[in-house]
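In the order they appear, the protein sequences are chains Y and S. Residue numbering for the first sequence follows our numbering, starting at 1 and increasing by one per position. Residue numbering for the second sequence follows our numbering, starting at 1001 and increasing by one per position.
Some clues are possibly wrong.
[Said to hold, decoys possible] Listed next, the in silico DSS-like pairs over lysine-lysine satisfying Cα-Cα at most 30 angstroms (straight line):
id	chain 1	residue 1	chain 2	residue 2
1	Y	Lys78	Y	Lys68
2	Y	Lys68	S	Lys1101
3	Y	Lys24	S	Lys1101
4	S	Lys1077	S	Lys1101
5	S	Lys1058	S	Lys1101
6	S	Lys1069	Y	Lys24
7	S	Lys1077	S	Lys1022
8	S	Lys1101	Y	Lys78
9	S	Lys1022	S	Lys1101
10	S	Lys1049	S	Lys1077
11	S	Lys1113	S	Lys1049
12	S	Lys1113	S	Lys1101
[What the hints assert, rightly or not] Label-pair distances were calculated between CB atoms; the ranges are:
id	chain 1	residue 1	chain 2	residue 2	range
13	S	Gly1099	Y	Arg85	21 to 27 angstroms
14	Y	Arg22	S	Pro1040	41 to 47 angstroms
15	Y	Ser58	S	Pro1040	29 to 35 angstroms
16	S	Pro1040	Y	Lys68	29 to 35 angstroms
17	Y	Asp63	S	Leu1056	45 to 51 angstroms
If you're looking for bench data, these hints aren't it; they were derived computationally from the structure. The C-beta atom is built at its ideal place from N, Cα and C for all residues, glycine as well.
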Amino acid sequence: DAGVIQSPRHEVTEMGQEVTLRCKPISGHDYLFWYRQTMMRGLELLIYFNNNVPIDDSGMPEDRFSAKMPNASFSTLKIQPSEPRDSAVYFCASSFRQGGTDTQYFGPGTRLTVL
Amino acid sequence: AQSVAQPEDQVNVAEGNPLTVKCTYSVSGNPYLFWYVQYPNRGLQFLLKYITGDNLVKGSYGFEAEFNKSQTSFHLKKPSALVSDSALYFCAVRAVEYGNKLVFGAGTILRVKS
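Produce the complete structure using the sequences and hints provided.
This is the structure:
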């Protein structure tokens, strides 16, 4: 298996622009997670899906952030409009929850820089 | 109290020496505990987990961790460190009281010097 795939790996954009991050989970996994990593705040869970349905979006910073999972093999995280404080590394992870012992597998991340 | 704490920002060890990266947790009930490693410019990579059973858990790359319920700790260990073990290590806990979400510690930088 190719593992979790994220694109783009790097994104540089200007303040106010729309940014879309993409994730392809591991085939057969039923949970998908979006995280953000910064020096100041560490690793934060933004939102997670189960069987393509958003379960908990309490970590989404504000309305500028939205996430979708139209099917089992694709998810997007969108920021509109982007701000410099959104600069971070965004990770997607997926897991197969069996008996509550699931292990999350992370993608390589997207490094976002908002100028 | 923090749900999971990694008290050391950085651990330095000489190659060939044993290493320990500390983790303590603060949850009620029976937690699931995990260790992940992150190499520069890479995603987090799963090392090992404790769910139930034997308190000593063995994982990837020769790492192991010991679950200690009385001390609420889950320290990561390796008998002989390699320079290539240098990375950022995260402890994480999953518990019902956190909505069964994975809660990560702040991370510990491990530097192994030759």
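Violated hints, by number in ascending order, as checked against the structure | 6, 12 and 14
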